[in-house]
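First to last, the sequence lines map onto chains A and B.
The opening position of the first sequence corresponds to residue -1 in the working numbering, with each subsequent residue numbered one higher.
The opening position of the second sequence corresponds to residue -1 in the working numbering, with each subsequent residue numbered one higher.
Same chains, same names: a pair is fine if it fits in one copy or spans any two.
Result set (DSS-like, lysine-lysine): computed pairs, CA atoms no more than 25 angstroms apart in a straight line:
1) Lys127 - Lys35
2) Lys35 - Lys121
3) Lys53 - Lys9
4) Lys94 - Lys6
5) Lys159 - Lys92
6) Lys53 - Lys35
7) Lys153 - Lys127
8) Lys305 - Lys8
9) Lys42 - Lys123
Quick caveat, the hints were computed from the structure, so don't treat them as lab data.
Protein chains: 2
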Amino acid sequence: MINELVGKIKKLEAPIVVGLDPMLSYVPEHVKEKAFKEYGETLKGAKEAIVAYNKAIIDAIYDLVPAVKPQIAMYEQFGIEGLIAYQETCAYAKSKGLVVIGDIKRGDIGSTSEAYAIGHIGKAKVGSKEYQSFEQDFITLNPYMGSDSILPFLKVCKEEKKGVFVLTKTSNPSSGEFQDRLIDGKPLYEWVGEKVHEWGSDFMGDEYSYVGAVVGATYPEMAKVLRKIMPKAYILVPGYGAQGGAGKDLKDFFNADGLGAIVNSSRGIIAAYKQEQYAKFGAENFAEAAREAVLVMKEDLRQAWVK
Amino acid sequence: MINELVGKIKKLEAPIVVGLDPMLSYVPEHVKEKAFKEYGETLKGAKEAIVAYNKAIIDAIYDLVPAVKPQIAMYEQFGIEGLIAYQETCAYAKSKGLVVIGDIKRGDIGSTSEAYAIGHIGKAKVGSKEYQSFEQDFITLNPYMGSDSILPFLKVCKEEKKGVFVLTKTSNPSSGEFQDRLIDGKPLYEWVGEKVHEWGSDFMGDEYSYVGAVVGATYPEMAKVLRKIMPKAYILVPGYGAQGGAGKDLKDFFNADGLGAIVNSSRGIIAAYKQEQYAKFGAENFAEAAREAVLVMKEDLRQAWVK
Chain A
-1 MINELVGKIK
9 KLEAPIVVGL
19 DPMLSYVPEH
29 VKEKAFKEYG
39 ETLKGAKEAI
49 VAYNKAIIDA
59 IYDLVPAVKP
69 QIAMYEQFGI
79 EGLIAYQETC
89 AYAKSKGLVV
99 IGDIKRGDIG
109 STSEAYAIGH
119 IGKAKVGSKE
129 YQSFEQDFIT
139 LNPYMGSDSI
149 LPFLKVCKEE
159 KKGVFVLTKT
169 SNPSSGEFQD
179 RLIDGKPLYE
189 WVGEKVHEWG
199 SDFMGDEYSY
209 VGAVVGATYP
219 EMAKVLRKIM
229 PKAYILVPGY
239 GAQGGAGKDL
249 KDFFNADGLG
259 AIVNSSRGII
269 AAYKQEQYAK
279 FGAENFAEAA
289 REAVLVMKED
299 LRQAWVK
Chain B
-1 MINELVGKIK
9 KLEAPIVVGL
19 DPMLSYVPEH
29 VKEKAFKEYG
39 ETLKGAKEAI
49 VAYNKAIIDA
59 IYDLVPAVKP
69 QIAMYEQFGI
79 EGLIAYQETC
89 AYAKSKGLVV
99 IGDIKRGDIG
109 STSEAYAIGH
119 IGKAKVGSKE
129 YQSFEQDFIT
139 LNPYMGSDSI
149 LPFLKVCKEE
159 KKGVFVLTKT
169 SNPSSGEFQD
179 RLIDGKPLYE
189 WVGEKVHEWG
199 SDFMGDEYSY
209 VGAVVGATYP
219 EMAKVLRKIM
229 PKAYILVPGY
239 GAQGGAGKDL
249 KDFFNADGLG
259 AIVNSSRGII
269 AAYKQEQYAK
279 FGAENFAEAA
289 REAVLVMKED
299 LRQAWVK
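So that you can see chain A by itself, here it is in the shape it has in the complex:
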């Protein structure tokens, strides 16, 4: 799957993943009204509104980008109906040929991590039958519990040819509280980066590893170091746009081959119609505004990876 991701990024010249994080406040009124008219102001109504919104955006961008990244929390907040929306969103994105990166940030001890892995990137056994629930190609993981919380995921990844991105240096302001603390002269995120490299060395695609890392766009200096520590890890980069990063600041996330990083934008794309820059589209044409925002982002990112 890492080979497919890298191939698509090269072909489309777009190291971009669109974050499908649909807060209800992003969903245009006419989409919500239609769903609520049919299902009421219910969790099912919310689910229908979110799926309709996501599908329209996917339809507008699937030929431009290699991947989407639904953030499961935004769905989980609406309980079971929200999680059905997550499942349908993943399945629809796959049906359009997109790589799906599930932003789930899971991690637990051995058998529990294995259960998460089965649910998200593997198949659950029921008697003699097997079932896949959520169609994700990659998922994000939290490393706080150490190797034995990560390795069960990698076992399933190997069986299913899927991949992971491990939180290394996150984009939020207080990420440094623990991640930047110096251990024997090196910050914690570098220790994690070394482990990412180690875990990934055993599990390589053609050019890059199935084990990637999350490094926030907001910390380019740290990315420079991490890029060298884990040269074969694809870096998933949150925090572009809305959180402050810009294309020209992202050079050090990429390798000399122009590859090695995929930059996420969520609100900046899916709620582009709310920005002054794209206001001309109007809420009715939110999906076209998203497409235009992808094209602008694609140009902006050339400053980072074209040598």
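Since chain A is already given, all that's left is putting chain B on it; use the hints.
Only chain B this time, still in chain A's reference frame:
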């Protein structure tokens, strides 16, 4: 809710939480057969088997223990149907008067943590309506991303009078890989413990804080230090029994008042019927075996907290 938990622990003399982590291999054949006969070897069949199993165990132990702790991964592995089983398990436990600790180990940046908080311990707004999905009183959180990943949960906790347990020193063998690394002479888990104390100081119940910590039964020496660093934090203790800890080793998890810790046992209770010690019950009477195992655990734990 922390007051209710402490009150129940005192009344029942049982600082015990039963981990409802139903691997399908734990569910007795007759329970599975009944469910599969009706629904086939499907995800819905798995869901029905799990819920029937959990309800029988809850019926057998609800008058003995203050709380249950369903591990969401074990449900999530069966996708939407599994998550319905999680929802029904939480609701059934609440209907029996149990405190529900959702072992979800979530954590993400600001607005995303808020979405998780809404889904698990808050209420989702849809238009003018509000909905609660999962009936949990406490949830577990992962601190790797720092304060701004935890504080959105505490905001919802305050509104809803619910609580959290933050992963501090986990019970698994490789927990030390990052958690034990020395930062300015102190291991990372102590830095996290100090934050738990700080976060909790702003949010106190009568005797203990709404912000607790997870410290594994497998690391009693570290618990001794953490107990002092965060005197007002309830400690949720996994790793008892199956993972190696025993009652006499858990003294330092408790305060001098005989309170301050609640010990989890999952497999040791819910799959007690598979152990030689409880084999006399037989698979048919798995729930009675679970009850007996709780009574044995209650006695064993007196070595830890009775002065």
